Structure formats: structure tokens, C-alpha cells
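**Q** Take a look at the letters that make up each chain.
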Amino acid sequence: MRWLQVPSWLAAGVLERYHAGASHLFLLHGNVRDLHPFGEAWVPLVEGLKRLTRRRDIVVTYDVSSGLAFPDPQHEKALRKALGLKGLLPADPARALVVLDALLTTKRCPPGSVAVVVDYAHALAPAGATGSAERQNVTTLARWASDPRIAARRPLVILIAPSAQDVSDEVYAGASGAEVVAIPRPDLDARAEFARHLRAESPEMAWELSPEELALETGGLALVQMEDIVQRSRGAGAPLGRTAIVQRKVDLLREEYGDVLEILQPKHDLSAVGGLEHATRELKEVAELMRRGQFAAAPMGIILMGPPGTGKSYLAECFARECGMLCVRFRPLRQMYVGQSERNQEKAFAAIRALAPVVVMVDESDQAEGSSRDQGSGDSGVTERMRASAFSFWGDSSLRGRVLRIDITNRVDLIDAAMRRSGRTDIKIPILMPDEEARRQIFQVTVRKHGLPTAITDFTPFARRTAGYTGSDIELAVTTAWRFALQGGAPAMTETHLSAAIDDLIPTARDQRTIDRMTLIALDECRNKRLLPPNADAIRKEIEGRMG
Amino acid sequence: MGNAVGAPETLEDHLRRATRNFSARLPEERAVTLAAELARELARAHAESPPRHPDLDPATVVIVDGHPRLDGAASETPAPDAAEDLFRLGGVLYFMATGERPDVSWRLDGPPAGALSTLARQAALIALSAPRTGDRFASASQAASSLEAAVAPVPTGAPPWPMFRGDASRRGARPATAPVASLLVAWESRVGAVTASPILTSSLAIAPTADGRLVFLDRASGRRVHEMRLASAVESSPALSDRVLHVGTDDGEVVGVDVVDGTERYRVRLGRLVRSSPLPWQDRVFVGTVDDKGAGGVASLDAAKGKLLWMRKTGPVFSSPALAGDTILVGSDDGSVYALDAAKGTVSWAERLGAKVRATLAVAEDVAIAADFEGRLVALRVKDGTRAWTADLGHAVYSSPCLAGGLCVVGCHEGHVHGLDGRTGAPRFQVQTRGPVIGSPVAAGERFLVASTDGTLYLLDAEGRVLHQVSLSSQGVQSSPALDGDAVAVGSAEGLHGLRLTP
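Residue numbers (our numbering), protein chains in the order written: chain A, 1 to 548; chain B, 1001 to 1503.
Excised from the complex, chain A in its bound form (with noise of 0.2 Å):
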């Protein structure tokens, strides 16, 4: 039956508690622009508030910019008879307060007959607060949350802002305060329902999917936002299918999450992986896992390691692929301010938990969340309040089969040892200099996923020229050698072409000692044999060599 029906954040975070006695006043925030189920509509905030209040005597909502109004004359009549007002109500914040203060507090009502909702709550007091006129906002605010004679006349207050951080925390500071309610977004179950719902409001379109999968692919949407996606297909007399989804849904989390989170959208799987076979053989295995739904056998984390060039990202980014999941890239969060990092990190990791199921690369972790303990000196305590933050959410075994995370990293062990061990990073596989075979493929590889027309059938003796080339060396090689061909007004790029390109290139500089040190590291921490490439033994004793 629906007609009873209240979103769950409602039913446990708002009523219990205020049923309870523990609290009459309440900030909304989170996912509060969205539709919520109310009875058997879905519609927006401040709408079911009044659904839920209607039998209440008196019931006001205020605004900065609208003022005090009222579901309907009634309620008007009602609190004027109360407070014995005439005229105009006033609209500027300060003395709209008082009116609903008196309200508050008047013994005329009974007890449990009015409700207060008060939008935009940011604006009227907002965090750092410095006007005199808005500190008393503040202060009003948060009398109204503390005062025992309010409490005792049983009034529901509800504060909505999009985030409680805007909101002074005088407000909900303390015991007394303010109870803070997240409005999460939608889960699955929600989504499917309003699927269900848009389906059968709009019998006319064509539907390529059915609602329940329309409800897989909007991990992350809000209810509106799925609307939007429904509304554009009916608009444009399109059938509703899934790449149109898939394109939109990336849009509006790049224009909601871009500032934290980069949205990926891999275009190979790990059928275009050059060489690393004893990395792309299990990471297909994990892509099965995740494929197939078996998120108990999934790992939480996987780290990619090795000297730098040798195709890490790309690989990663291509295993999503495989995995038929969303992918995102962790922005580093580190910012100057104090506060906004911990905050910044809080919000992409609600994002994360909000588009789950995600595949998530943390690109050089070991420099993206101030992993070694001496960097957390003199930025009070900020890093190590964002560190336990990170180990509890990369740690919550709730998210596994989810969420996966994927480090890249050319120094394994400067990511912190708790996040490496089992539980958080399941899976270890070193990415080492590709050696003549691997190097062979890639320039294979590289040429068939660029499309490019070529009369090279053997590239071996490209492979054993390149020696101490990395992979994007090589795709730096071959795509100037493309280029050469296509001066040259050639149909396809021939030996020639490639050899030029070969001679033209300077391999990126680097310190065979550093790249030596980064190979034993990455080596030294795998754990499976089975991860280690085929020749790592001859890599070590060549490197041993190397170092006397």
C-alpha cells in the first residue's frame, strides 16, 4: 500500500526522533532538490513536508526571498487568530523570525499543532556568519532547537540547505542542537519504483529497456534527473535506450561531481592491452567476477605498480571497460584551505557510494591523500583526520563487489601499509619495462587499436631496437610514424616509416637507477606468483647486476 508511504530518511532520521521526544527540530540536507515519495506521488521536498503536516493547525513556510507563506488560507487565519496579527506579514528575515518565534512559543496552540518550514536555511544563517543581523538568525535558530519551552509545545521545524556545512553549526552544534538529516540519493529499490512509475506515465514512448534496468544504469541520478533522461526521449520522439542514458547520466555527474571526481568513459577493453598478460589474465578473471554479480569473490582494491610509462592507467582504464562499469578518477583532494580538502573528500567519497557500482582510480596514491605520517605535521591534524576518514571508507566491506579501487602508483611503498594490506588492497600486480616480446605486442596492439593501415607484419626488429622504451614510447613511435606515412602520401605505413620514427624519437629521460629501485619495489611487494611476470626472476638478477 502506498498511500501510507514516506521516504525511509523521513520515517527514521525525522519522525522516530521527533516521536521519540528527542528532537523537534530538524536540518534537512543532501539530495533535498530531488522528488521523494510521499503517499502515491512523488514530488518535491518542501510539497511532501506539507503533505505531511497538512492536519496540523498552522502550518508556515519561509523563505528569504518569498517570505512567510502558507499551504492555504486557512493556516493564514489560523496564525494570525493566534498571534493576533493584521496587516501585511512581515517578509525580511529579521522580523519574519520574530513572527514565527511568537508562534513557537504562543501557549494559544495546543500542543503538536504547528510546523515550521523554513528553505534555504544557508542563506538566512549561514556558516561564518558576521552581520549582526545574521547572527541573530543564528542565535534565534538555535534557541528554537534548545529552548524546553518550545520543545514542551511540540512543534515540528524543519530547516532544509543543500548542505549543512553552509548552515552555521550553532545550529547543530551540541546535544541540543538541531538533529542533521542526510537525504541520501536514491537507492536501487527507490529508483526501480519511480522507474516503474515513469513507465506508466508515459505509456506512448518506446521503452528499449525495462524499468528495472533503466534503474541499473542511473546509479548515482537523482529522481529528477532520471525524469530529465525519460523527458528528453519523449521530447525528441526517441525510444529510450541505453546509450542515450549512459551519455547523459555521464553529463550530469561531470556538471554535479566534476570538482572532485573525473568521469571516465574508457573506450578499449583489455583486449587492446599490449603485453602485461600475467596482469591482464586475472584482471579479466576479477571482470568476470564483477560481470556476473559474484561481489563476495570480488576484491576490494587492486594496486597497479611500477616505474612510470608502462601503460598503468591505461590498463586500469580498459579493465573497467571489461568490467561494464562506471569509472572515475580520484582528483587529488589536498587543497589549501583547511576544511575544504576534508570536505572535499567527503563529498566524492558520498559520490562514490552514490554511483556505485564504480570503478575507482587513484592515480600516484602515493602522493593524492597525504599517505606518509611526516606530512601530517602542522596542518592541524587535517591529514590525519582525512587518512582514518579514507581507511574507514576503503575499508567498509559493505562496498565490496561496489566499489573497486585501483591505485597506480610508481612507489608502492609510500602508500600507507595499513591501506596495502589484505581487507582494503587485495590484489598486487607489479606493471614492469615492457622486454622484447611485451614490446613487440605493444607496437601490435598499438597499431591495431588505432586502425592504422600497415604492411609491417613482423615487428620484431622494431622490439629489439627499443630496448629501455616504455609503451608509450612506442605509441608515441608508431603514431609519428603514421604521420611520416601519411606526409609521404603513403596508403599504409611501411618499415621505412617506422624506422624514421623510431631514430626521430627520444626516449623519455630517465635514471636507470630510479626505474631499477621502482622495479624491486613493485616486486618485492606482490604477493601471488601468479601476478609476477614470466621473466621477473631474470629482471631481478639483471638488476642486481646492474647495482654490483
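The hints are simulated quantities; they were obtained by calculation from the structure and are not laboratory data. Only true hints are included.
Using 25 Å as the maximum straight-line C-alpha spacing, the simulated SDA-like pairs for lysine to any residue come out as follows:
(1) B:K1383 to B:G1406
(2) B:K1305 to B:P1153
(3) A:K107 to B:P1112
(4) A:K77 to B:D1109
(5) A:K77 to B:P1112
(6) A:K77 to A:R108
(7) A:K107 to B:H1226
(8) A:K449 to A:T496
(9) B:K1307 to B:D1291
(10) A:K107 to B:A1233
(11) A:K77 to B:D1103
(12) A:K107 to B:E1227
(13) A:K267 to A:D473
(14) A:K428 to A:D396
(15) A:K284 to A:L270
(16) A:K107 to B:P1131
(17) A:K428 to A:L531
(18) A:K107 to A:Q136
(19) A:K81 to B:D1109
(20) A:K107 to B:A1193
(21) A:K107 to B:G1212
(22) A:K107 to B:R1224
(23) A:K81 to B:P1112
(24) B:K1307 to B:Q1282
(25) B:K1344 to B:R1284
(26) A:K107 to B:V1191
(27) B:K1293 to B:D1334
(28) A:K107 to B:D1211
(29) A:K107 to B:E1494
(30) A:K347 to A:P184
(31) A:K107 to B:D1109
(32) B:K1307 to B:G1252
(33) A:K107 to B:D1250
What follows is a list of derived Cβ distance ranges for each label pair:
(34) B:A1024 to A:V250: 53 to 59 Å
(35) A:D57 to B:V1062: 37 to 43 Å
(36) B:V1062 to A:F391: 48 to 54 Å
Just so we're clear, the structure is a prediction, and the values are computed from it rather than from any experiment. Ideal Cβ placement from N, Cα and C applies to all residues, glycine included.
Chain B: place on chain A using the hints.
**A** Frame of chain A; chain B shown alone:
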């Protein structure tokens, strides 16, 4: 007929057919019966292992042979627990009975008041869909029992303890099947201070609060069933006859309240204060009144409309009228006991004790026991007011005497509970409590229950030994217990308490 026996249909179709497409209402009795059957079905589903939470949607509930079945699929919007199932059942009951859909405002403020026509039905609806989980029925089978009991519009049988002191003789006594040895607290309902004494019906405990509200509690659980405002303050204990509860107020009125639907039947102003507890007799009600300047008397009202039939000036009457044959006996603040002809209100006799007589007289066969504010305890012959015996307790008596097992038991302002020989007035025992005993003792067989302003309820045997005691409130108890079988209800400064007598 499209109504073939055994053809299953959904509850929604069933209602549509029964109400001619919702143009009429389903008879409320039928709606409550269906809800009771649904509650039984729910209880069955909850007893399964693991518990099943069926979909309580009129569109999916199936009716077979006129009875609902909950064998269908689980709810599409899953109910996380049994309490949520009960909440939705309340919504279904409301829809069946009113034809209107329940809405989300129930989650904040519960079902609308007055949705169903009797208190018992409305109370069951509220206990199904209370917004606070803790206020709901404890289980689906408890809900089913309450709904089944609420099907009949009017409870049958005489109420077990319908007035102050239990009956018109005001003896405060009930027989007991086995000797009682101890007291168990069954529930405690913090409704606010209750100075008056509660009454008991077969299902409810009803009492006015000191601040003037009348509260109806479920007798078994103490759950609040209904509450209404009566006056600015009430100390008078209510009395029930048929379905009307009569109660005096400190605003000087007597109010009649229908206990079936909770509506006010009449309200009549008789003086400055009505502290006396009304006495229903035939089709009328007697009550003592208090007026300014030492005036007051006894009024006789029509029990249905509250119309004043006669008023006899006797001085301020705080005591409650007691009935002996067709004579009513009251004590007055002028220091006398008056015997009035119940029909006409004429004074048959008056006997002066000395000080204010605020205790209610207890009538045994041919004598009535009266007590005054100077500690005189006097047995008066009902026929002429002459004295059978006299005893001097030494301290003021407000408490009304209790007569049982040949004993007369009464409390005094010095904190004593006195036990005397009911035929001679000879002292038998004396028990000391830690505060004045204003409440009146009641007897369960030959055991006595008495509360003191020390906040304790004492259980005494016929020799005056304290068998058991229970502390009810640190703020004291003035109320007198109401008794039915092993069930006890008594007020305190905290609210109402339900206790059980155990052997």
C-alpha cells in the same frame, strides 16, 4: 447473483460491490470485523518462521467466502516489521470504514479524531496506526482481540467497579476467590496527577486528572485510549450508569460523558464545587454540592439529560451519597449526617456528629458508618439515625470506611489505618504509615488495600499485618483503589497505576 460463494475477489472489489462503487459506506461493524479478521491473518503470518509481512493493500488482499486472506505475495513496498504492518492495517480499516484514503499526515499526527463512531473502535484504530511505534498494539493478535471486542457497539454486562467505593452501599468491598498475598505492578500510565478514584469497566480504567481531563485507559495494558478536557480541575470520582459517566468538577458542574463514543451528554452547573462522587440510582443521579458562604446540599439530576430534579440544602457536601434501600445518606460540613428520601429529597432524619463529615458513609445491613474531622466513628441505624456504637480514633478522618469480613477499616490524618469490629466498634488493629491516609481502603475478600499520602499502597490482612507494599509515587496517593477480580487501578500524583493481586 454475481456473489457466488467461494469465488475469490480482492478486498477492493469486495468493497466496491458492498458499497455500490463507494457511493455508500460499508457498515462500520462490518469494517471492524474485516479488520479483526485481517489482524488474525497478520498474526498468523507473523508467527511463521521467518515472519511474513504480507501486502496490506485493498487491491491485493483476497476475500474468500467473505473472509480476508493474507496468503499472497510479500509487500512490494516492504514493511520492515510487525509494527509497520499494524500501521498499514489501520489505514485499511479507515479506508473500509470511511471510504477515504489514509494519507501521509498519519505518519506525523496519527489517524484523524472521530473517524470511527465508538471510543473502542477509534482507540483500536489509534493503537494500530499510532505514529509512535511504542503506542501501537504490541502484536497483531492483541490488535485482533481489541478489534473483536470493539465490533459490538455497546459493551454488555454491568461494569465491575462502576463508582467510588464500588457500589451504591459504598462498602468498598469485593469477594476474593483465594486469599491475596502480594501485589504486582502491571502498568503505569503517566497521565498527570489523579486525585479522584478510577472506575473499571470490562475493558477500561477511567479517571479524571487533577487538571481536569478525563482519561480512558486500556485496563489490561494502561495504553491511553481516549482523553478529553472536562474542566479546570476535577477531584470528584466518576460514576457510570448504562453508558453515561457522571462526574463533578471544581468548576461546580456535573458532566455526563458517553463512554461509548466519548461525546458529552450533558453539563449542568450546581454550585461552586462538586467534589462529591455522583450516585446513579434508577434513572437519576445524586450528588453533593458545595457553595459559597458555607452553603451547599444534595442535588438529584435526570441521568440522561442532567436536568435538576430537586436540590436539598444541607450545608456543603463533600461526601458522596450512599444508598440504603430508598434512602440516601450524606455527610455535611455542618457536622451532621442527613438521610434523604431518594425520590422526593425530603429529610428523613439528621444526626449531628460534631465536626465536618467528608467521608462517605458505608452502609451495612441496617447501619451506616460515618466519620468526622475530629475522629469520631459512629454507626448510625439507617431507619432513624440513632447510634449503634461510637468509637473515637483521636484524629481527623477524611478516608471513607471499608466494611468487609466483620471489620471496619479506615484511615486517619495521623497516618494510621484503623481496624475495628464492624458490630461493636471495638479496636482490632492499628497500622502506622508515613503520611496522612486520605484515600479509602478497599477489601478483596478479607485482605485490605489502602494507599497513604506517603506514596505507598499497602496490603493488610485482617490482623493488620502488612503483607506487601508497593511504592507508587514519591508525591503521594490520595486516590482510592478500584477493584475487579485480581485487577486493581489507583491514581497517584504521577498518573494511574494498574496492579494485580496475587495469592
